[in-house]
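Read left to right, the sequence shown gives residues 22 to 198 (our numbering).
Hints are computed from structural coordinates only; laboratory data are not their basis.
There could be a bad hint or two in this list.
In silico SDA-like links for lysine to any residue, alpha-carbon gap of 25 Å or less [what the hints assert, rightly or not]:
1) LYS40 - GLY141
2) LYS40 - LEU62
3) LYS40 - PRO152
4) LYS45 - PRO74
Ranges of calculated distance between the beta carbons of each label pair, as one might list FRET restraints [as the list claims (entries may be wrong)]:
5) ASP144 - ALA53: 19 to 27 Å
6) GLN28 - GLY141: 36 to 44 Å
7) GLY141 - VAL46: 21 to 29 Å
8) MET108 - MET22: 29 to 37 Å
9) HIS56 - GLY155: 32 to 40 Å
10) PRO106 - ALA190: 45 to 53 Å
11) ALA190 - MET108: 41 to 49 Å
12) ALA41 - MET108: 16 to 24 Å
13) ASP107 - ALA75: 31 to 39 Å
14) ALA104 - ALA75: 17 to 25 Å
15) ASP107 - THR179: 24 to 32 Å
16) ASP107 - HIS168: 26 to 34 Å
17) GLY191 - HIS56: 36 to 44 Å
Bear in mind the structure is a predicted one, so any value in this text is a computation, not a measurement.
Ideal Cβ placement from N, Cα and C applies to all residues, glycine included.
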Amino acid sequence: MTSSIWQTFRQETGLALRKAVDPKVLEQAQHALGHPLPPFLLDIYQQHDGQHPAGQPLFLDEYRWLSMQEALREWQVWQTTMAQPDMADMRHTHESCGAPDASVRMDWWNEHWWPLAVSGLGDLLCVDGQPAPGGHLHQIIAVSSAHEARECVADSLTSLFDNAAADLAGDMSDGPG
22 MTSSIWQTFR QETGLALRKA VDPKVLEQAQ HALGHPLPPF LLDIYQQHDG QHPAGQPLFL
82 DEYRWLSMQE ALREWQVWQT TMAQPDMADM RHTHESCGAP DASVRMDWWN EHWWPLAVSG
142 LGDLLCVDGQ PAPGGHLHQI IAVSSAHEAR ECVADSLTSL FDNAAADLAG DMSDGPG
């Protein structure tokens, strides 16, 4: 991320950004995943460990950036849920119902999706570590337990952060509403 993006975020006190992540928490997350997190994801968490729960939504007007610990808990909850026997029919549904050129796998959950942000309804934005054939590695996708559809909302984390900074810059230049 560019320094101007971080500067824009830091000017907006309502975001309630946390300090940099504790390296031990990064180790825990990578150990749970069984592989390293992408360098760009590590970089953003070394700047700020997400937002405090009371922070105003940063992404798409409704999603709050999760701390690494919160993201790990979300990932573990989805993993545990998907391991339940009654969820067997929900695994890897993309093979039967996904369009051949789809950008997002039509899985209910995929262990290669890393939670990044949460909405007030519990919906997630995830970094996609296993896109469908028409997608891009590390695209940002929307995942909901209430809806089957999974969609790409940004081509990359950089794009998501750029859009959030542009939205904030516009809000700040508009002045009080």
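Comparing the hints with the structure gives:
no.	hint	in the structure
1	LYS40 - GLY141	holds, 22 Å
2	LYS40 - LEU62	holds, 15 Å
3	LYS40 - PRO152	violated, 31 Å
4	LYS45 - PRO74	holds, 21 Å
5	ASP144 - ALA53: 19 to 27 Å	holds, 22 Å
6	GLN28 - GLY141: 36 to 44 Å	violated, 27 Å
7	GLY141 - VAL46: 21 to 29 Å	holds, 24 Å
8	MET108 - MET22: 29 to 37 Å	holds, 36 Å
9	HIS56 - GLY155: 32 to 40 Å	violated, 24 Å
10	PRO106 - ALA190: 45 to 53 Å	holds, 49 Å
11	ALA190 - MET108: 41 to 49 Å	holds, 42 Å
12	ALA41 - MET108: 16 to 24 Å	violated, 36 Å
13	ASP107 - ALA75: 31 to 39 Å	holds, 36 Å
14	ALA104 - ALA75: 17 to 25 Å	violated, 32 Å
15	ASP107 - THR179: 24 to 32 Å	violated, 39 Å
16	ASP107 - HIS168: 26 to 34 Å	violated, 19 Å
17	GLY191 - HIS56: 36 to 44 Å	holds, 38 Å
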